[in-house]
Structure formats: structure tokens, C-alpha cells
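Given the sequences, and given the hints that come with them, work out the whole structure.
Top to bottom, those sequences are chains A and B.
For the first sequence, the residue numbers in the numbering used here are 1 to 218.
For the second sequence, the residue numbers in the numbering used here are 1001 to 1242.
Hint data in this document are derived by calculation from the structure and do not stem from the laboratory.
The beta-carbon is built from N, C-alpha and C at its ideal position, and this holds for glycine as well.
There may be inaccurate statements among the hints.
What the hints assert, rightly or not - Covered, in the sense of this in silico footprint (three residues per stretch, anywhere, with C-beta under 8 angstroms from a C-beta of chain A), are these stretches of chain B: (1) 1082 to 1094; (2) 1144 to 1152; (3) 1167 to 1177.
Unchecked claim - Some residues of chain B that are not near chain A, with every Cβ distance over 10 angstroms (derived): (4) Asn1008; (5) Val1019; (6) Ser1067; (7) Trp1205.
Unchecked claim - Here are the computed distance ranges between Cβ atoms for each label pair: (8) A:Ala83 x B:Phe1177: 25 to 35 angstroms; (9) B:Ile1063 x A:Arg218: 50 to 60 angstroms; (10) A:Glu122 x B:Phe1177: 53 to 63 angstroms; (11) A:Ala108 x B:Phe1177: 25 to 35 angstroms; (12) A:Gly38 x B:Ala1110: 48 to 58 angstroms; (13) B:Ser1067 x A:Ala200: 23 to 33 angstroms; (14) B:Pro1043 x A:Pro125: 52 to 62 angstroms; (15) B:Phe1177 x A:Leu157: 29 to 39 angstroms.
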Amino acid sequence: MKGLLLRDLRLAFRAGGGFGLGLAFFLIVTVLMPFGIGPETATLARIAPGILWIGALLACLLSLDRIFALDWEDGSLDLLATAPLPLEAVAAVKALAHWITTGLPLVALSPVLAVLLNLPAEGFPWLIASLTLGTPALSAIGSFGAALTVGLRRGGLLMSLLVLPLYVPTLIFGAEAVRRGADGLDAATPLALLAGVTLATLAAMPFAAAAALRVNLR
Amino acid sequence: MSIWEYANPRKFMALSGAVLPWVSAAAAIVLVGGLIWGFFFTPDDFRQGSTVKIIYLHVPAAIMATSVWFMMLVTSLIWLIRRHHVSALAAKAAAPVGMVFTLIGLFTGAVWGQPMWGSWWEWDPRLTAFLILFLFYLGYIALWEAVENPDAAADLTSVLCLVGTVFAVISRYAILFWNQGLHQGASLSMDAEENVADVFAYPLWTSIGGFFLLFLALVLYRTRTEIRARRLQALVQRERMA
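Structural data, given as C-alpha cells:
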């Protein structure tokens, strides 16, 4: 498992791995928002939690097809399926690798972008906490979507249609936590619910992803 | 004699062929009867006027929209566990019907909401949850269309249906957390103290029955079409092999 994780990380970080593309996308979405909405800082501060969460979600979505597609094309997914490691574990490790290469950098970048959007200072800890808790769920759900569409030629668009509705609970609780935090309210309840959603998806999604992979590898 | 006999496509075709005209006729009679009763032979509500009559379309469509998804869940499970092709095809046949019911529910709700709430759309929990359900239907149908191998498509959509059900339920309660609503609560329950008055309730139950029969007829019809399409495909393939 460790070997697989290291291999995926190395592939992502080295040239052509596409690492950083998601981050750049996150940056550009956030920078474009004020152009569409107007430069009033009060308005921006009000909608900053939602923009940051949706930006993170879209950046995550953009890189999902890389979870399985490359391994599918060169046949290493078939090797992984016949390896002694259960396919569920493969799916879980790949989701973890996706989180380390996409989710974690997003969390790290988000405070900088929050400054650009004028998020109130009370919101920052909640923003970082909610993104840290929520992005693993995005990766886990995304690995299921990627597994469903791995065999399709134009799977990317279909995958976004399948995955985005599944992101609704995560987005609601995540953005709500930041919004309450920024307003100076207690954000522990949405944060706890967000953690619950994340834990449930982490537990269940590798099985669903493996089931979908088995069908596609048949 | 058990229900599993009808997993055999030939038996299913024989039974559904015999039943379909009766179900269609019953659906037409009950639905038209319920709607006419509701539209022309019930009094106007003292506050809502005649706009109240849209419930004879709105409520049955909404009930069927969620019930159809539940039926797809059951047939998907049957396909995953017992590998009966008729079951998978029934789920495929039901999805567009359910999607249209969801749309009818949303549309009639908007038409009613405009004069009553003063807006076509509110981000109310029930409305939002229905919109999400509509998106789930859309994704489910799109996945059926996208996968070429019929067995793989049935498997993948079944898994999606299972996962989607869980997420649809979570979303429902997450949305409740996110915003409190304008939409009224349940008023057709068996155990509630206060329900819709009987004058409105009887035609309403009739049109719910009509919608259910309509759904039954449509699903039988569409499943028969799917089975015939599958047979045709097999014949064409055999021809090509020979």
C-alpha cells in the first residue's frame, strides 16, 4: 500500500503529472469572482465562504479523472486488480494520493485567497478547519465518480454531472461552518456534521469505487 | 408460483402484454376522473381561491417522483443480487418517467408559488431537495446512455442508484439544516391531527391512484420496449456472426 501511495505521489509531482493545475484553477476562479460580482469589500466578505468552497470543489473535480484514467490507459490498473492488495484498498490509497496532491494544497492556499476576498479574521480558523475536514470527502466521492466513468471515452463531463450532486452535503456543511465562523457564531455543529459526512464517505466510498472498477475491468 | 417466475423475459412479456391494456385503461379512467373531480367539483379554498386545485397535479407527481426512485433502488438491488435482466431494464425504463414526474412537481409548484408566495422559486428545503433529486435522475439516465455494454451499464447504474439514494437522503437533511422553509408540512398523513379536508382529500387520493396507474402502465410499456430492443440487438449480432 505504501509503495502504491508513493508511486502515485511521485507520478503526480513529477513533470506532466498535472500537479498544481488544480491550484492554479482555484486561484483563477477566486480572482475572477470579484470581476463578476463587483469590488465592494462588504459583499465579497459576505460571499467569501461560498466562493472559496465552490472554488475548492471545482478544482478538486478538475483533477478527478486522473485518479484512474492514466492507470487504465497503460494497463497498470489491471495489474493492480490482480495484485494481492484488495481493490478496495487500491481505491482508498488512490483517493488518499489525490487528497495529498489536491486537497492539502488547496487547504494551504485558501487563507491567501481568503485575504483577497476580505474574509473576516474570525473566519480563518474555521475556513482551514472545514476545508481540512471536508476535502477528504471530496476525494473519496470523486474516486467513486472516476471509477464509474473510467472506461468511457468522454467521461469527464459525465463525471461532473454524476459527482457534483453527491458533493451537496459536504458543501452545505463546509460553507455553513465558515459562514457561521465569520459571523462570530459557534460553528462546531456544522463542523461536527461535516466530519460525520467525511468519515462515512471514507468508510463506504472505497467499496463503491471498487465495485464500479470491477465492472469496468471485466 | 412466485414473483421470481416473471424474471423470465418470456413470462414477463406474456403477463405484461395481457395486463397492459387493462392497466392503461384504468389509468386513463382514474386519472381523468380524479382530475375532473378535483378541478370542477370541489369548492375553492377560502384563502387560496382556485389556485388550490393545482394540488391534484402537484402532490401526486411529487409522491410518484420519490416513489419511482425507490422502485429503481429495489429493482437495482434485485439486479445486483439475483441478476435478473428484466429488473435492470425496469429500472432503466422507470428513470425518465420519474424525471418527468419530478419536473411536473417542480413546475406546478412554481406556477402555484408565483401568486401565493409571490415568487417562482424559493430556496426552500423541499424545493431544493427536489431539484437535487432531478439532478440525480439526470446523472442516472446519462450514465445509462453513456455505457455501451448493456450488462456493465446495468451494473454501474445500479451502484450509482445505491450510492445516490444514500446521498439523496443525507442531502435532504443537510438542506434542512441549511435553510428553513416556506413549504407546508405533511397534511395527508394517517396519524396526523390536522389534515386536508375530506372534500379535497378524496379527489386527491383518486388522482394519486391515477398517477400510480399511469406510472405502472408507462413502466410496463417501456420495459417491454427495452426487452424487444435487447432481443433485436441479439438477433442482429447473431446475424453478423453467421
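Hints versus structure:
no.	hint	result
1	1082 to 1094	violated (count 0)
2	1144 to 1152	holds (count 3)
3	1167 to 1177	holds (count 6)
4	Asn1008	24 angstroms, holds
5	Val1019	33 angstroms, holds
6	Ser1067	20 angstroms, holds
7	Trp1205	32 angstroms, holds
8	A:Ala83 x B:Phe1177: 25 to 35 angstroms	42 angstroms, violated
9	B:Ile1063 x A:Arg218: 50 to 60 angstroms	38 angstroms, violated
10	A:Glu122 x B:Phe1177: 53 to 63 angstroms	21 angstroms, violated
11	A:Ala108 x B:Phe1177: 25 to 35 angstroms	28 angstroms, holds
12	A:Gly38 x B:Ala1110: 48 to 58 angstroms	29 angstroms, violated
13	B:Ser1067 x A:Ala200: 23 to 33 angstroms	26 angstroms, holds
14	B:Pro1043 x A:Pro125: 52 to 62 angstroms	59 angstroms, holds
15	B:Phe1177 x A:Leu157: 29 to 39 angstroms	31 angstroms, holds
In this structure, the earlier hints numbered 1, 8, 9, 10 and 12 are contradicted, and the remaining ones agree with it.
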